[in-house]
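Chemist: Using the hints, position chain B against chain A.
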Amino acid sequence: MGEQAMNLPPARVVGTRPVSASAGSPRGPRRGRFAIAAETALEWVIRLCGISAIVFVFGIFFFVLREGVGFLFGGLNLVQFFFSTEWYPTSVSNVRYGALALIAGTFSVTGLAMLIAVPFGLGAAVFVSEFCNQRVRETLKVVIELLAAIPSVVWGFIGISVLNPLIQEVFHVPVGLNVLNGALLLALMSVPIMVSIGEDALKAVPDSFREASLAMGATRWQTVHRVLLPAAKNGLLAAVLLGVGRAVGETMAVLMATGHAVNIPKSPFDPVRTLTATIAAELGEASVGSPHYQVLFVIGILLFTITFAVNLIADMIVKGTRKR
Amino acid sequence: MAATFAETPHIRSKHRQEAVVRVILGLMAFAMVLPLLAIIGYLVVQAWPLLSWDFLTQNPTGGMRKGGVWSALLGTIYLVTTSLVIAAPVGVLAAVYLNEYAKQGWLTRIINLAVVNLAGVPSIVHALFGLGAFVLFAGIGRSILAASLTLAIMTLPVIIASTKEALASVPMSFREACWNVGATRWQTIRGIVLPNSISGILTGVILQVSRTAGETAPIMFTGAVFFKRIEEGNPFAYGLYDQCMALSMHLFTITTQVTDAPKALPYATAVVLLGTVLLVNTVAIALRVKLRARKKW
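From first to last, the protein sequence lines stand for chains A and B.
Numbering of the first sequence is given in the working numbering, commencing with residue 1 and proceeding in unit increments.
Numbering of the second sequence is given in the working numbering, commencing with residue 1 and proceeding in unit increments.
Okay, chain B solo, but in the shape it has when bound:
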């Protein structure tokens, strides 16, 4: 070993510092893994005695102290589907405008700022907006439709952001090749851009579903109710202008309003809600991984 490469005390302390910092930062990062696993594990263990197929398919009974979550689960499915039908086309087309039509300038700057702000507006302010605009001003009344409209506007940024990213990842040369054979802008978008970015767009749509399923504040005053009995096993038990129960709202209710519910009941409800949301997210993540592996350009 040549003497010139011997470690001086200064270098040694530098490396020791480096190792310490690495461990500290690593612990900070893994401090996020722990709560996630702990939360999921604890909730599932506490909820275990109640988790069964019947829990999903039975109405809550006995003042929400017994039974399952059927009416809340179906309500959430209705809210998610309706808001998806509203938000997906508007969000995807908005992203198409931003990425394919608009010139970079003050208008796109303002639109992007509006999207960021729409995502940043507190959920309870969205609830006030939904109440003022859809329930009262438009006269829809408290209903699945009003709640879904509120949710759709709230989750629009999720779809816009991920669709924009998916569209931007299609190489410019693809478009240019299509334009040069005489295609119009829309023909290019429909024939080349959308087919090449469909998985990315789907990921955004799936994330919107997960976000919608978990929201509580925006639906509290626009269409969700504490309790409602519906026919068990009938997937068409709600109408668009009905009020409905929702899983998120149901968890809030049995945690804060029903004091003497059996201990496992709120845990089981939380597990159903969290399980739905995380499952949907996992699908989105898996889709993205698969997409990245398959990408040819």
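The following block holds chain A by itself, in its conformation from the complex:
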């Protein structure tokens, strides 16, 4: 071995790093000035695209704030906004911008949806990750992906045309467009994201944990219950949070299926209106620059803040687990 290597011509050691774009090769023809300039320019374009996501997130915040900020700090009574249920944005004599009922609408639909979706989502994640063979797993993952792909307007249409009469029939209520209807749709919409993130979290638990537990004579369920769930706790929490974020921000399905009445619900069979649905329903009729138009952007800022916070927390939880 050694002798053979000695006979080779001396090699230039480059190391496992790329040559920089502007460097001419020490041997062979130098690259043309144009090629170097083109590659340097291209690298700047790539850098620019790289930070584009940051630019867009700030852009969204800036432009939504820009339209609403005038009213947010001059004119809008924040106490009324957060604590009054009187939402009369188009009233001539008695204009009121109390968003409490809308906030309650969003949280009631999201809350009920999570009550349904969390057990199903995490249960399905455990099943897909721990209890089934390769073929069933692949099939279920395709189904989950297709379920996630159904557009929200189609969900809304299903809420109106399928769930509405079904809820009337089963629960003997006069109207089927209510909290329950929206929550069922949101549950079906947020289960896929919970399953895929939850499965990732379970998969991230090292196999040695499973093997150790099974070797002690534990059944699969005991392993899941005592070893995997505690170990994947944070990842599963993040999965739930991302589902919550999805549900809070969902617009078309709740716009069509929750009955469109501004009130604080007392039962799952009351119609409500959510923050997102209010923007979608009223932005078309509010004239640009009017207080009504601006208050809808203030709601947009509120929604942006909520989902930003939820995503940030989910991200920190996931990063925290990875570090450990």
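Source of the hints: derived by calculation from the structure; they are not laboratory data.
Take these hints with a grain of salt, some might be off.
As a list, the in silico DMTMM-like pairs of lysine to aspartate or glutamate whose alpha-carbon atoms are at most 20 Å apart [what the hints assert, rightly or not]: (1) 66/B - 54/B; (2) 290/B - 138/A; (3) 141/A - 200/A; (4) 203/A - 130/A; (5) 266/A - 130/A; (6) 14/B - 130/A; (7) 103/B - 176/B; (8) 228/B - 54/B; (9) 14/B - 211/A; (10) 203/A - 165/B; (11) 233/A - 315/A; (12) 290/B - 145/A; (13) 66/B - 232/B; (14) 319/A - 176/B; (15) 319/A - 200/A; (16) 290/B - 176/B; (17) 203/A - 315/A; (18) 141/A - 165/B; (19) 103/B - 43/A; (20) 233/A - 207/A; (21) 203/A - 138/A; (22) 263/B - 7/B; (23) 233/A - 86/A; (24) 233/A - 200/A.
Modeler: Frame of chain A; chain B shown alone:
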């Protein structure tokens, strides 16, 4: 049978519990299969009388109570194509930056966080952004261009995430081999990394198409209209600065605004929209399966 291996009552109950749990979890997982099949089946059955080639190629008529979905279908194609042209290069290059250029550090951390947040921002907030930034501030007006820009920014995370995954699956040794013969970073990316990850990138692009086709909220105030007549059979009937109809918006309109439409009409519209989206997704899934089977490393 040696007595030591006899099942004690404790072990038997353990196994019974295991079986019960397996069934319960299995039912929870299959609870997702049922709605998918039920929804598709029910929609197709209800829409059956109207589904035909003419339904796709005729304009809606009679106050959207008759006719087909031509102008909405073409509008959706325009929106999808335009936003794809905008989002694909930016998204792919952003992923190239994250995976090939950037050092792991605070900047990549913030970029990744921004991507996650961009995906998490509610679609209606994207609509407010599109209205404020493109329609009003940039002065584009309500148009296909403004709506497509909004959609492009909204679906950028889809492309970035799957491209990043595709790039990361190319082994480091491929790059090192290329660098060691004196190639620059970009030469390596163009010659080695991109050709080896192109199918994965395509999957992401296809998923972006499916996502874009189904969105309603972001285009409601930035370029989509309730109704617009266009020339039937002319694929160039819309211009970039025109407003357009869209399948998703059309379904919303005939479900909530048109009360006396024939029963099958909204179902047929939903089937066209859902069929388009699921077909596109199936292509992406098939591509991924084929890619995984062919992978050599």
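Chemist: Which constraints among the numbered hints does this structure fail? Numbers only, ascending.
Modeler: 5, 14, 16, 22, 23
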